[in-house]
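Here the protein sequences come in this chain order: H and X.
So the first sequence is numbered by the working numbering: it starts at 143 and just counts up by one.
So the second sequence is numbered by the working numbering: it starts at 143 and just counts up by one.
Think of the hints as simulated: they come from the structure by calculation, not from any bench.
Note that the structure is a prediction, hence the values are computed from the model and not measured.
One should not assume that every hint holds.
Repeated chains share a single entry, so a pair holds when one copy, or any two copies, can fit it.
[Said to hold, decoys possible] Below 30 Å or equal to it, Euclidean Cα-Cα: the simulated DSBU-like pairs (lysine-lysine) are:
#	residue 1	residue 2
1	K328	K218
2	K308	K218
3	K364	K158
4	K415	K172
5	K158	K415
6	K158	K365
7	K415	K432
8	K178	K415
9	K359	K158
10	K172	K359
11	K431	K257
12	K391	K328
13	K259	K328
14	K391	K204
15	K259	K226
16	K178	K391
17	K204	K218
Protein chains: 2
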Amino acid sequence: MNPKLTIPLPNEHLEKLESDFLYHLGINSKTTNFEKEFGDVKFVCMGGTKNRMFELAKYLQKVLGLRGELVDLCEKAHRYAVFKVGPVLCASHGIGMPSMSILLHEMIKLVSYAKCKDPIFLRIGTSGGVGIPVGTVVVTKDAYNGYIRNEHELAILGERVCRPAKFHEEVYTSLLSCAEPDDDFKTILGNTMAADDFYEGQGRLDGVICEHNEQQKMEFLKKLHNHGVRNIEMEATMFSSLTHHIGIKAGEICVTLVDRLQGDQVTQSNIPKEVLEQRPLTMCGRFIKKHLD
Amino acid sequence: MNPKLTIPLPNEHLEKLESDFLYHLGINSKTTNFEKEFGDVKFVCMGGTKNRMFELAKYLQKVLGLRGELVDLCEKAHRYAVFKVGPVLCASHGIGMPSMSILLHEMIKLVSYAKCKDPIFLRIGTSGGVGIPVGTVVVTKDAYNGYIRNEHELAILGERVCRPAKFHEEVYTSLLSCAEPDDDFKTILGNTMAADDFYEGQGRLDGVICEHNEQQKMEFLKKLHNHGVRNIEMEATMFSSLTHHIGIKAGEICVTLVDRLQGDQVTQSNIPKEVLEQRPLTMCGRFIKKHLD
Chain H
143 MNPKLTIPLP NEHLEKLESD FLYHLGINSK TTNFEKEFGD VKFVCMGGTK
193 NRMFELAKYL QKVLGLRGEL VDLCEKAHRY AVFKVGPVLC ASHGIGMPSM
243 SILLHEMIKL VSYAKCKDPI FLRIGTSGGV GIPVGTVVVT KDAYNGYIRN
293 EHELAILGER VCRPAKFHEE VYTSLLSCAE PDDDFKTILG NTMAADDFYE
343 GQGRLDGVIC EHNEQQKMEF LKKLHNHGVR NIEMEATMFS SLTHHIGIKA
393 GEICVTLVDR LQGDQVTQSN IPKEVLEQRP LTMCGRFIKK HLD
Chain X
143 MNPKLTIPLP NEHLEKLESD FLYHLGINSK TTNFEKEFGD VKFVCMGGTK
193 NRMFELAKYL QKVLGLRGEL VDLCEKAHRY AVFKVGPVLC ASHGIGMPSM
243 SILLHEMIKL VSYAKCKDPI FLRIGTSGGV GIPVGTVVVT KDAYNGYIRN
293 EHELAILGER VCRPAKFHEE VYTSLLSCAE PDDDFKTILG NTMAADDFYE
343 GQGRLDGVIC EHNEQQKMEF LKKLHNHGVR NIEMEATMFS SLTHHIGIKA
393 GEICVTLVDR LQGDQVTQSN IPKEVLEQRP LTMCGRFIKK HLD
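Here chain H stands alone, though its shape is the one from the complex:
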């Protein structure tokens, strides 16, 4: 199907499919006209929860001067929530790389089948900081995995495959330039570590299992800092490696809710969580506005 895609996908098998059912989105190319419904999409914004993506969609309506009821286009599939605001899709990806991976595969197919032109993928999220004040916004340059390597590791047909985990320079440079002198928070460029769990995988001492001590944790966090890592979350290597491999422009903006050099529990800040969580949304809104103008 769709022999002339605007985003060439490195999978020749797709050409032989008569139709494609994007199972976890609940959208079937047999019954949905992708070009008509999604052909105008220029940005795909993703974040963890349905709630935050609804907030983002509402915020982008304001920023772009658009109106209309926000409908979750994928509600029937019960997995991800997807809202459309003019040329922007706002989609929840859940927690972690396997969850985001499914959304990303199906969302890239969607914009590809819809013949969107050069869409930009953004992730906005929360994260743990490494040696920076709580509330800092980190724009990611390179993503590091749990072995402090700038790559994403996955098992394919029983073999270990590693792919470079780099974000697009044009996107992170442009995201950084969206910071304004009057902002009451700092926006920095840094590397991001993506872990496969919140507790042991991020060196925390407060999971149900812990076989390391405070000193070993601090050594690990300092090692990360020496690699330019300024925050830790759970999606960046998969997100950057998949988009990089296909040649899609992608970027990531996360606020930090904790400074891991000070502690593990997410209760450090005096700034309300809502205020912190708005920051990457603000940056995302500025970026989209700038690129549409």
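With chain H's structure known, arrange chain X on it following the hints.
For chain X alone, kept in the frame of chain H given last:
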């Protein structure tokens, strides 16, 4: 806190915590009396979506002859949905091991702090079958990772750690014995492969990237079959290894929605999806009823 736990946790740091904020559940030991609210819990049932866990909770109300409005106890945290039906917690874990890992860490802390006695953890889910008819219910014995090894691999402080991924014999034997002669589906014991993605990691040909061919896919699936693997999902190695390590009894029951030896897309069956998805719920209901009687 809680020096005399009924479930000893292999983490001495927890004893030093004054309080514990189960961040992704939005439950704080400072403000919630765990023993009072959750001390009666005997079963923790987990599945992917909030929707399915609500269905399970409703179904268990019927099975156990209980009534009452079902309230999502973790709604404020926007991550996981948790319903309580008498001695059973029904919790959504999202998709994939990182997502489930967070729920599991915090849920095990919860039942441990609540001094629950010998709670049993069950996962009910959907999966892709390997060489068995669509609609078969698979009770998992051993879990295999993407490298076809009976272990779970995770990165801790930059090092690769592997832990055995075994379910509890008492639980899977008991689950199997819940099958009834009049069932219009088969229930079998098998091994389960847990992948970190739905497309490349499960050998599918219909992801946005695919660097293998049909023949290589079939060879991989047959190799899995030779290792006793009868279904593929995205949680089993993490779930079994974490519970095994702590000594918690755990089991998994999944229905198959597709036979991967016949194809990749989840559109094979003539049986309605609702009917298929009910099967692991039915088995779960029988198991709980049997253990409470």
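Okay, the hints, checked on the actual structure:
In this homomeric assembly, K328 and K218 come within 30 Å of each other (Cα to Cα) only across copies, at 28 Å, whereas the closest approach inside a single copy is 40 Å. With identical chains, the CA atoms of K308 and K218 are never at most 30 Å apart, being 34 Å at best within one copy and 34 Å at best between copies. When the C-alpha separation of K364 and K158 is checked against a cutoff of 30 Å, the pair qualifies only between copies, where the shortest distance is 24 Å, while the shortest distance within a copy is 50 Å. In this assembly of identical chains, the alpha carbons of K415 and K172 lie at most 30 Å apart only when taken from different copies (19 Å versus 43 Å within one copy).
Taking the closest pair of Cα atoms, K158 and K415 come within 30 Å of each other only across two copies (26 Å); inside a single copy the shortest separation is 48 Å, beyond that limit. Proximity of K158 to K365 under the C-alpha cut-off of 30 Å is restricted to the inter-copy arrangement: shortest distance 26 Å between copies versus 47 Å within a copy. Taking CA atoms no more than 30 Å apart as the test, K415 paired with K432 passes inside one copy only; the shortest distance there is 27 Å, against 45 Å between copies. With identical chains, the CA atoms of K178 and K415 are at most 30 Å apart between copies only, with a shortest distance of 29 Å across copies and 38 Å within one.
In this homomeric assembly, K359 and K158 come within 30 Å of each other (Cα to Cα) only across copies, at 17 Å, whereas the closest approach inside a single copy is 50 Å. Taking CA atoms no more than 30 Å apart as the test, K172 paired with K359 passes between copies only; the shortest distance there is 26 Å, against 52 Å inside one copy. For a Cα distance limit of 30 Å, the shortest separation of K431 from K257 inside one copy, 22 Å, qualifies, whereas the shortest one across copies, 53 Å, does not. In this assembly of identical chains, the alpha carbons of K391 and K328 lie at most 30 Å apart only when taken from the same copy (24 Å versus 47 Å across copies).
In this assembly of identical chains, the alpha carbons of K259 and K328 never lie at most 30 Å apart, being 32 Å within a copy and 48 Å across copies at closest. When the C-alpha separation of K391 and K204 is checked against a cutoff of 30 Å, the pair qualifies only within one copy, where the shortest distance is 25 Å, while the shortest distance between copies is 51 Å. Taking the shortest Cα distances, K259 and K226 sit within 30 Å of each other inside one copy (17 Å), while across copies they are farther apart (48 Å). For the identical chains of this complex, K178 and K391 are intra-copy neighbours only, at 23 Å inside a copy versus 51 Å across copies, given an alpha-carbon limit of 30 Å.
With identical chains, the CA atoms of K204 and K218 are at most 30 Å apart both within one copy (27 Å) and between copies (25 Å).
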